[in-house]
Amino acid sequence: MNPDYSLLIPEYILAVWAALVVAVDVMMPKLRRDVPAYLAALGALAAGIASVLYIDVNKGFEAIPGVTIMHVDDYTTYMRVLLCGIAVFILLMSAQFVRMRLSHAGEYSAIVLVATLGGMLMVEGTELITSWIALELLSFCFYTLVSFARRELRSNEAGLKYMLLGAFSTALFLYGLSLIYGVTGTTTYDGIAAALSNRGEDLTLALVVGFVFIIAGLGFKVAAVPFHMYTPDAYQGAPLPITAMLSTTSKAAAFALFFRLFTTAFLPAHEEWKWMIALIAAVTMMWGNLVALQQTNLRRLFAYSSIGQVGFMLIAVAAATQDAGSSLLFHMAGYAVTNLAAFTIIVVFFNREGSDEIADLAGLAERQPFLALAMVTALFSLAGMPLFAGFFTKFMLFVSGWDAGLEWLSGVAVVASLISLYYYLMVIRQMYVIAPRVPGRFRTPALLWGVIAVLVVGVFFLGIWPAPLLDAADTAAAFLFRA
Amino acid sequence: MLGQWGHMGFLVVVGLSLPAVALVISFLLGLVKIRPKDPNAIKQDTYECGIEAEGSAWVQFHSGYYVFALLFVVFDIETVFLYPWAVALRQEKLFAFVDALLFIAILGVGYVYAWRKRAFEWR
Amino acid sequence: MQIHSTEQVVFYLLAVVAVAAALGVVFAQDIIHSALFLVVTLILTAGVYVLLSAEFLSLVQVLVYGGGVSILVMFAVMITRVRDARGPLDGAQKPIAIVAGLAIVTVLVLMISRTEWQQAIPAVNRPDESPVRVQRVITQTDKGQLMSDTDAIGHDLFTTFAVPFEVASLVLLVALVGAIYLARGEEDEVT
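Protein chains in written order, with our numbering: chain Z, 569 to 1051; chain V, -10 to 112; chain A, 4 to 194.
If you are wondering where the hints come from, they were derived from the structure by calculation, not from laboratory data. Keep in mind that a hint or two might mislead.
Said to hold, decoys possible - To give an idea of the chain Z side of the interface with chain A (calculated C-beta under 8 Å), a few residues:
{"hint": "1", "residue": "Ile697"}
{"hint": "2", "residue": "Gly750"}
{"hint": "3", "residue": "Gly753"}
Unchecked claim - Quick look at which bits of chain A chain V covers, simulated, 3 or more residues with Cβ under 8 Å:
{"hint": "4", "region": "24 to 33"}
{"hint": "5", "region": "165 to 177"}
The C-beta atom is built at its ideal place from N, Cα and C for all residues, glycine as well.
Construct the complete structure from the given sequences, taking the supplied hints into account.
This is the structure in structure tokens:
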């Protein structure tokens, strides 16, 4: 029986569309440099719509009978739609930025699409080699994208650091996978789970070492402490929309892989890895939020804030229950919407002022009240204030950790969350209390105004009426625990 | 197992010993004063096509070389993937053939791209 | 330590030289020497793969690492101003690095020796092969027999891993586009 190739239509759309964008760009050199981004956004939209059609499809991609290398279920669909949505917004916020500051717009947009494709494959992979090659695809795209502003030294530095540490973490991850294969003798998630549930006691050391390597490798990708060293530099050096993408696409896809791998393949060995991830989660959320207090650069602040968020998301992986899964998916969506809003605002500001220092935000409320107000919304959501998306999503995460017997971790998370409020308020103070350094109001371009408005409405929607998305996340997570 | 690789190992040993033996014989002849030893400045100089060597060997090379090395590695890896394909093709179905054609086509896109971007030209 | 076969003799020869060369990479004062030592290590690793009956892997090792990656490393040394960077490349964290390295080696050695890895099955149709060969759990051949290493990888690559194989070509494509974009000089900006 042949595998069902129709399961991968969104992936085909992205691949073909990416080639199309490059072709158009190469064939028509006179094209304005923001057109490829809009064109690519359409492609991401098309792939997203195609993904929606897979709701309630629950089917494995059986490469040969009995070996399922990918699985399309509601978990996959949820993440596919999320990743495509992120790509649309990233491309929309990129258009003007690329036109002003970068060359090779076609390649840029195409690689964003291919990165999304890699992320989608990471989500649906249920076999170690498939997941790994998907992770590589995503990573290669980011190595290129982070250093895309090649005339800027900072971008080069960021790209180099990201690539060296990324390659190193890939090697660690792969070594971990090889150990798991050596112990279990199979690379499919199902096979590993079966082998782990009837294993002998003597396998424990190799398993633990394998888990350590895999967690370290994935820890690099999601930027968990102590594997976060590259994050601030990469965030600061990368072209701004790519920074936004690093903090959304990269994290969402890596967490989707992380969660699927650990809750389907490694769940029988939960006791062996639970404490590792819980420990990393606690250190990550405290460290990220504490170091964020000292930042003066907006992008570095967001780098550390995202590290803190990673700590919260790791709670779900450590808990590894169905509730944790649904709250992780829910939080990821809320976090993505919020972060995209914040970064679109920063892009508008950067396009206009060429600065990303917090001090330069002074008096933004006077100069551009809409941007300031939207930024407040995003920051309050990140801090987890009620009525905003971040409140419910974080609350669900902490509760799921508590229910899974990780009470201390949820306690640490609450403390870390309170700390984070301080530096978010510092930014708000800068915008509202401090007098502007440069006088004069300015206007937000209509399209980006619309994008920000949509995202802000999204933040409120998730904060006030979370039920629809939470239901979707619940259904999606249920598929991982159906056995 | 060593049987089939033993031949290769033997060749490697012979290959490595040829220059070693030559050096050792030269050294031994020098010990018994058959080989004359009469160094001078020109004789000790680095040999480079018979022309006098100038400057240091530590010069910075043109970065264009690196692009070619990168392109080489990419297509090198493609070759590596095609090798098991060539070996297994006979026993596989048509599918494997189409699969590899798609693989080559995707990299063909890369080739055309490199061509269009004039990456193969020396500048 | 007992020596059972010529294979072991060859293995230890390879291993000792490979480890010595690897130490050379780290401790050589001259970066060119480091690069050459690296090539030696990479090629000798191919020899270890041969001993493990992983002929295809050893071919890949020679072709990609012995050929491509070595050239990349040498070119990288050539096109940068290495003269300014001569001398030891280690910093203040050297003692910590040594401790961490030794700790990792200890754990790995303990792990490798203590673990009961997936058991090997004798290769039925190749009696002159090394008896130690991990069961190919992921391969289910149609004829129910084992094939030569390259055959088996080819078979897997075009049945089980057909999709990851295509994804690999996408990875190469992105690498190609990225390399051309990032490594080219500024001249092509006008095109």
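So, going through the hints one by one against the coordinates:
For Ile697 (chain Z), the suggested interface contact is upheld, since its CB lies about 6 Å from the closest CB of chain A, less than 8 Å. A least Cβ separation of about 5 Å between Gly750 (chain Z) and chain A falls short of the 8 Å threshold, and the interface hint therefore holds. A hinted interface residue such as Gly753 (chain Z) counts as satisfied when its beta carbon comes closer than 8 Å to some beta carbon of chain A; here the least separation is about 4 Å, so the hint holds. Beta-carbon proximity to chain V at under 8 Å applies to 0 residues in the region 24 to 33 of chain A; the threshold of 3 is not reached and the given coverage is violated.
Counting residues of the region 165 to 177 of chain A whose beta carbon lies closer than 8 Å to any beta carbon of chain V gives 8, which meets the minimum of three for the stated coverage.
The structure is inconsistent with hint 4 alone, although it conforms to all the rest.
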